[in-house]
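K.L.:
Each chain is listed here by its residues.
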Amino acid sequence: MPMLCQQCSQSSATVHLTDVLPSGEKRERHLCETCAQQEGLLLKPQEGIASILEKFVKHGATVQQAANLRCPQCSTTWREFRSQGVLGCPDDYEVFAEHLVPLIERAHEGASEHVGKVPASSGDSAKRQARLLKLRRELNQAVEREDYERAAQLRDEIKAVEDERP
Amino acid sequence: MSALEDMARRTGAWLSNVGPMSDVVISSRIRLARNLKGFPFLSKTSETERREIYRTFSDRIGETELGNNCVFLDMSESPPLDRELLVERHLISRQHADGEGCRGVAVSPGEERALMINEEDHLRIQVLTSGLQLEALWKEIDRVDNLIEEGVEYAFDPRLGYLTACPTNVGTGIRVSVMLHLPALKLTQEIDRVLRATRDMRLAVRGLYGEGTEAIGDFFQVSNQTTLGKSEEEIVREFTHDIIPQIVEYELRARDTLASERAYQLDDKVWRAVGILGNARSMSTEESLLLLSHVRMGINMGRYKSVDLNVLNELFLQTQPAHLQKLHGSTLDGESRRILRAEYFRRRLGGNN
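Protein chains in written order, with the numbering used here: chain D, 2 to 167; chain G, 282 to 634.
Don't read these hints as lab results, they were simulated from the structure. Warning: the hint list may mix true and false statements.
Distance condition first, Cα-Cα at most 20 angstroms in a straight line; then the derived SDA-like pairs of lysine to any residue [claimed, not checked]:
1. G:Lys325 / D:Leu101
2. G:Lys318 / D:Gln74
3. D:Lys135 / G:Thr507
4. D:Lys135 / G:Glu515
5. G:Lys318 / D:Ser122
6. G:Lys325 / D:Pro73
7. G:Lys325 / D:Cys75
8. G:Lys318 / D:Pro73
9. G:Lys325 / D:Glu81
10. D:Lys135 / G:Glu514
11. G:Lys318 / D:Glu95
12. G:Lys318 / D:Ala98
13. G:Lys325 / D:Glu95
14. G:Lys325 / D:Val87
15. G:Lys318 / D:Cys75
16. G:Lys325 / D:Thr78
17. G:Lys325 / D:Gln85
18. G:Lys325 / D:Asp92
19. G:Lys325 / D:Arg83
20. G:Lys318 / D:Val87
21. G:Lys318 / D:Ser76
Just so we're clear, the structure is a prediction, and the values are computed from it rather than from any experiment.
Assemble the whole structure, with the sequences as input and the hints as a guide.
P.N.:
Okay, here's the thing in structure tokens:
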């Protein structure tokens, strides 16, 4: 005789769970599919195996697509970069951006924007952008440590840089 | 005498025991990674392009005061022993020594600056000195970088900063490294805890010769890994005022504990090292580094006074394999090196035995 659902006591229980309570005590639960779904414990019917498979296949396809992504400049592929760890040319940063940025963020404590030295030869707008980034960062830090005097000062500076003619 | 033979007889700028915290901090180093705009990174350059990059930078160095009296070496034409010698002196990386194709290095006369061309990036600027002096080094390397940049155009992106072959260097392209001597933390067995905490702060801990080397003889190199999202000054400031003073304090505390609670054990280590170095008939590099570490600890803690720290530094460098062979005037197999090394120590530390 099959076990009945502990929730509705009508259908047979097909979902079996063991919860570990905060006290460390274990609690077994046996539910039918409908009740389990209501508790959000099961995938919705439309998320059936077919749709999961489809997603999986699609994901596989994007991975495949990414692997074959190729820089028109130096012809390095994403796959090549992943196996060797070095890029082929400066353009790769742009070509692979979508896949590369998450890796960069992971390697640099979540950062994805340069703060620091800018070559003297780079255009004024690049220099302005760098200065703004730096000031905004300092502003966040000032607010964090509740140094409102410094924050006000920094806001004025940011405004001044923004108002400079590009 | 060739420039390198001459070099082998001296100790480099980073081994002079001066500068703040030099009883624990052996040396400080900063390097910047730079690439030329309009060229592929080195994994994708043709030999012609490599030569062009090489010429661009060597010409540029020659046009500035950076070229004055500097030793310029073409790695592809240098014998292996010379390249090894430069690795032992921390002037080039292992990768640069073992690499292929057109590549070189320009070393300043006092060895406080080395510019590697065609290493992993087109240009790697490096400055080094003894003790904890990163702020001064940053000023100097910033100046050198500006001098070079006035004549070339770097690959730079306003959002990502300086573009490097490996994305782990992108942004500032800076690597700040400090070499520490931590024998007391090793003896009190606190070293693992300290190193783990250091790694938790996203810092790399390596051995004497950087990437992929074991820490031998209680010498550790601590360096930053994050190069994006923090300015060069911020990174230098963290090292100078937070990270390094903290580790130094742990080491000094461990030295105090040893001196007050286990003085006999401490002296035993020091004097055994002196005894073996002065009497052995065959000695490997690893063993000598371990023993020299203990003697250094003895000198720094004022427990051993017969040898000057400068002599110790000289021994430290000149008994490394390539130095030993360069000073001897020919290449030697492992066994002959070990015998020669032991002889060298006996002559300098052993009195008449």
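K.L.:
Take the hints in turn and mark each one as holding or not.
P.N.:
For each hint, the structure was consulted:
Distance check on the hinted pair: lysine 325 of chain G and leucine 101 of chain D sit about 19 angstroms apart at the alpha-carbon level, within 20 angstroms; holds. A distance of roughly 13 angstroms separates the Cα atoms of lysine 318 of chain G and glutamine 74 of chain D; the hinted pair therefore holds under the 20 angstroms criterion. A hinted pair counts as satisfied when its Cα atoms are at most 20 angstroms apart, and lysine 135 of chain D with threonine 507 of chain G qualifies at roughly 17 angstroms. Taking the CA atoms of lysine 135 of chain D and glutamate 515 of chain G, the gap is near 11 angstroms; set against the 20 angstroms cutoff, the hint holds.
Between lysine 318 of chain G and serine 122 of chain D the alpha-carbon distance is near 12 angstroms, which keeps this suggested pair within the 20 angstroms criterion. A distance of roughly 13 angstroms separates the Cα atoms of lysine 325 of chain G and proline 73 of chain D; the hinted pair therefore holds under the 20 angstroms criterion. With a CA separation close to 7 angstroms, the supplied pair lysine 325 of chain G and cysteine 75 of chain D stays within the 20 angstroms bound. In summary, the hint linking lysine 318 of chain G to proline 73 of chain D is supported, as the alpha carbons are separated by about 16 angstroms, within the 20 angstroms threshold.
About 12 angstroms separates the Cα atoms of lysine 325 of chain G and glutamate 81 of chain D, which keeps this hinted pair within 20 angstroms; it holds. As the CA atoms of lysine 135 of chain D and glutamate 514 of chain G are separated by approximately 12 angstroms, the hinted pair is consistent with the 20 angstroms bound. For a cut-off of 20 angstroms, the pair hint linking lysine 318 of chain G to glutamate 95 of chain D stands: about 14 angstroms separates their Cα positions. Pair hint lysine 318 of chain G plus alanine 98 of chain D holds up; C-alpha atoms about 19 angstroms apart against a cutoff of 20 angstroms.
Of the pairs offered as hints, the one joining lysine 325 of chain G and glutamate 95 of chain D holds, with about 17 angstroms between alpha carbons and a cut-off of 20 angstroms not exceeded. Distance check on the hinted pair: lysine 325 of chain G and valine 87 of chain D sit about 10 angstroms apart at the alpha-carbon level, within 20 angstroms; holds. For the hint linking lysine 318 of chain G to cysteine 75 of chain D, the alpha-carbon distance of about 14 angstroms falls within 20 angstroms, and the restraint holds. Between lysine 325 of chain G and threonine 78 of chain D the CA atoms are separated by roughly 12 angstroms; this keeps the pair inside 20 angstroms, and the hint holds.
With a CA separation close to 12 angstroms, the supplied pair lysine 325 of chain G and glutamine 85 of chain D stays within the 20 angstroms bound. Distance restraint check for lysine 325 of chain G and aspartate 92 of chain D: the Cα-Cα separation of roughly 12 angstroms lies within the 20 angstroms cut-off, and the hinted pair is therefore satisfied. Distance restraint check for lysine 325 of chain G and arginine 83 of chain D: the Cα-Cα separation of roughly 15 angstroms lies within the 20 angstroms cut-off, and the hinted pair is therefore satisfied. Among the hinted pairs, lysine 318 of chain G with valine 87 of chain D is consistent with the structure: their alpha-carbon atoms are about 17 angstroms apart, no more than 20 angstroms.
Between lysine 318 of chain G and serine 76 of chain D the CA atoms are separated by roughly 17 angstroms; this keeps the pair inside 20 angstroms, and the hint holds.
When each numbered hint is compared with the structure, no violation occurs for any of them.
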